[in-house]
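Below, each chain spelled out in residue letters.
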Amino acid sequence: MNTQTLDTSTMKPQYPWKKSRPTVVIANSLIVVIPMSVYAFFFFFTDLPGALIFIAIFLPIQIAMAVIMTIFALGKRRVGDAVLSVLSVTAFSLVLALLGSVLLSVAARGLPAMRFSFLTQNNIYISPTTELTYGGVGHALLGTLTVVAIGTVIAVPLGIASAIYITDMKGRLAGFVRFIVQAMSGVPSIVAGLFILAAFILTDFVGFSALTGGLAYAILMLPTVARTSEEVLKLVPKELRDAATALGSSRARVIMRIVLPTAKAGIITAVILGVARVVGETAPLLLTTSNTNGTNLNPFKDPVATIPVYIFQFLGSGYESSIQRAWGAAFVLMIVVAILFALTRVFSPKGKAR
Amino acid sequence: MVETQEITNKSHPEPIRLGREKSRTPSDKAFSGTIVIAALSSLAILVAILIYLASSSWPVLQKEGFDFITGSTWINSSANPDEQTFQIWPMLYGTFLNSMLALVIAVPVSILLAIFIVFIAPDRLSRTLTVLVDVLAAIPSGIIGLWGFLVFTPVAEGWSKLLNQYFFLIPFFRNDQDQFARSPFIAGWVLAIMITPIITVVAREVLSQTPQELLDAARGLGGSLWGAVKFVALPHARGGIVGGVMLGLGRALGETIAIYFVLNLIFEKVNYFQILNPQGGAIASMIVAKFGEATPDEIRALLGAGLVLFLMTLVVNLIANWIVARSVREKIA
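Protein chains in written order, with my numbering: chain A, 53 to 406; chain B, 32 to 364.
None of these hints come from the bench; they were simulated from the model.
Keep in mind the model is a prediction, meaning the values are calculated, not measured.
Heads up, some of the hints might be wrong.
[Unchecked claim] Partner residues are not named here, just some residues of chain B that face chain A (Cβ under 10 Å, in silico): (1) ARG205; (2) TRP220; (3) THR344.
[Stated by the list, open to error] Think about it this way: if two alpha-carbon atoms lie no more than 27 Å apart in a straight line, the pair counts; the simulated DSSO-like pairs of lysine-lysine are: (4) A/LYS128 - A/LYS222; (5) B/LYS94 - B/LYS261; (6) B/LYS192 - A/LYS286; (7) A/LYS286 - A/LYS316; (8) A/LYS353 - A/LYS316; (9) B/LYS261 - B/LYS192; (10) B/LYS60 - A/LYS290; (11) B/LYS60 - A/LYS316; (12) A/LYS286 - A/LYS222; (13) A/LYS128 - B/LYS300; (14) B/LYS60 - A/LYS222.
No residue lacks a Cβ here, since even glycine has one placed at the ideal position from N, Cα and C.
The whole structure should be built from the sequences, with the hints applied where relevant.
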């Protein structure tokens, strides 16, 4: 029998999944370099607008290059991959550019308006053309704080209770409650404002005030708090509940002493996400808190200013220094949202936000 | 011996739940009752919204009848109440047009971005991108409106002029006003920016649930990544993606402030398809635009418009949630 044995000692292991073959490297660099240089040529040496060059010249050449080079380096079968890669990188760049543009313009135009007085002073005696050295968002910052606090106080207990009902009590209506909470998360913010307007203000129950704004915010926060808490409560181990029940604890005690403390970090995340959801909402406040130029510390009476409405007010007036004030307020709001966003990362278990 | 036999036969004895039903103290009952009442608060709020919006706008709805939705006249004269007419068709259609434009832009971008995050980007990049998408979702609509009005509109005006210059033969891109700011085209872009994160998050979620065995099998058969995505991942995630798109649509329908700043609201005439013309509509933005100087009767009409918007978004969201839940459940089962 002449069995042929492979002489494995001289063979080198091959890594077919590693694609660092020289042809691929060359192909990849050509795919990047050629379309870019064509784009640069047209951009610098012709008068054509950038958007036109991008859509009509760069993108087709990019796709064509990717296709040709793929056929050359990897074979016909991978052409689809090349097109998919080019298009998805384009989508990714588009979203990144838009996001970058928003963040950078808020930073670049808002930062010059920042000064201590801008954060502490209110808006009395300020006309649309007043210099930026006077007046600021102090009153609006306080107002936003009040309205959000009222919303939180109302929405958080209700949201957590809904979550407990769905996950822990597993009542007969659990599925229905979850369904309703989901339906509620789709309520447009303006509708929440209209509802509070119709139910409280038009009926002369309460006037425009921080209270009515807080009620509108509560409607928008409730579903976020409920859904996030639900996810968090699901993570509490069943053994903990069973052990507590076996020791003779009542259901209330199990939930208040075992389940909620275990899920504390997650519940804090839920609350922060709820606050982040509403803190920049303008529309409901236009209909429920109205606006004012002074500081209003009474949450139950008289209109109150808030940051989103402040932006709305000054953008609407159109003068140069007003627009700077709007950018300044937008910057303050962005910082608030960024802090909330960072807090969710700190509190959420294992750095996973949702 | 016999006794142990019996016990081992019952390998899964039914747990005896003494603490659950029998020994409920009054305080326990009170606690449970409070929780149930609190849990039903969402239902109460939804029903209250419906009742209050419907009842406060009833006089106007009754007077206008079906024309409230299909008519295009808005006359407000407190001196002559009989001449008053409140009809919202231009706004309703405008909402629809803006949302469709937003979907046309956002859906391909979101799906491609989700594919990029799940299948193409290296681990680190894809984690960063996931965070960035969350950041985009967290930007308040007022800031998007400010940016859209002052930064984006001049840029998009340029794009509009190009479209008009090269594609004026296509009716969509005609412009008879020689003015390109504050058009549905720009409103569509701004909405697209706001709904892209919503669709991307859902699409990423369902795409990443594609069973690894199926993907490996597709790749192992010599298929390309595109093949695996097209024939395995996308069909698998289709339901979830459709649901995510509907969630985005729900958000687009109800968006108020951003649209208010970037769109010229025209109340008496419908702009059916000329997306570059500086005229359009949006129900939510109309409510803000009209609210400032509204008479009591007009406020009733605005509440009616809010009711229409509420019902529209409710239906879209319920369908969306149903589709997402169903597709996720199917995938897990």
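Here's how the hints hold up against the structure:
Checking B/ARG205 against chain A by beta carbon gives a least distance of about 19 Å; that is not within 10 Å, so the hint is violated. Interface restraint check for B/TRP220: the shortest CB-CB distance to chain A comes to about 9 Å, inside 10 Å, so the restraint holds. Contact between B/THR344 and chain A, as hinted, is supported at the beta carbon level, the nearest pair being about 5 Å apart and thus within 10 Å. Taking the CA atoms of A/LYS128 and A/LYS222, the gap is about 56 Å. The hint is violated against a cut of 27 Å.
With a CA separation close to 53 Å, the supplied pair B/LYS94 and B/LYS261 exceeds the 27 Å bound. Restraint check for B/LYS192 and A/LYS286: not satisfied, since their Cα atoms lie roughly 53 Å apart, outside the 27 Å limit. For the hint linking A/LYS286 to A/LYS316, the alpha-carbon distance of about 13 Å falls within 27 Å, and the restraint holds. With a C-alpha separation of about 34 Å, the suggested pair A/LYS353 and A/LYS316 falls outside the 27 Å cut-off, and the hint is violated.
A distance of roughly 36 Å separates the Cα atoms of B/LYS261 and B/LYS192; the hinted pair therefore is violated under the 27 Å criterion. The suggested pairing of B/LYS60 with A/LYS290 holds, with an alpha-carbon distance near 22 Å, which does not exceed 27 Å. Note on B/LYS60 and A/LYS316: the hinted pairing holds, with a Cα-Cα distance of about 24 Å set against a maximum of 27 Å. Of the supplied pair hints, the one linking A/LYS286 and A/LYS222 holds, its CA atoms being roughly 12 Å apart against a limit of 27 Å.
Distance restraint check for A/LYS128 and B/LYS300: the Cα-Cα separation of roughly 53 Å exceeds the 27 Å cut-off, and the hinted pair is therefore not satisfied. The straight-line distance between the Cα atoms of B/LYS60 and A/LYS222 is roughly 15 Å, inside the 27 Å bound, and the hint therefore holds.
In summary, the structure is inconsistent with hints 1, 4, 5, 6, 8, 9, 13 from the numbered list given earlier, while agreeing with the others.
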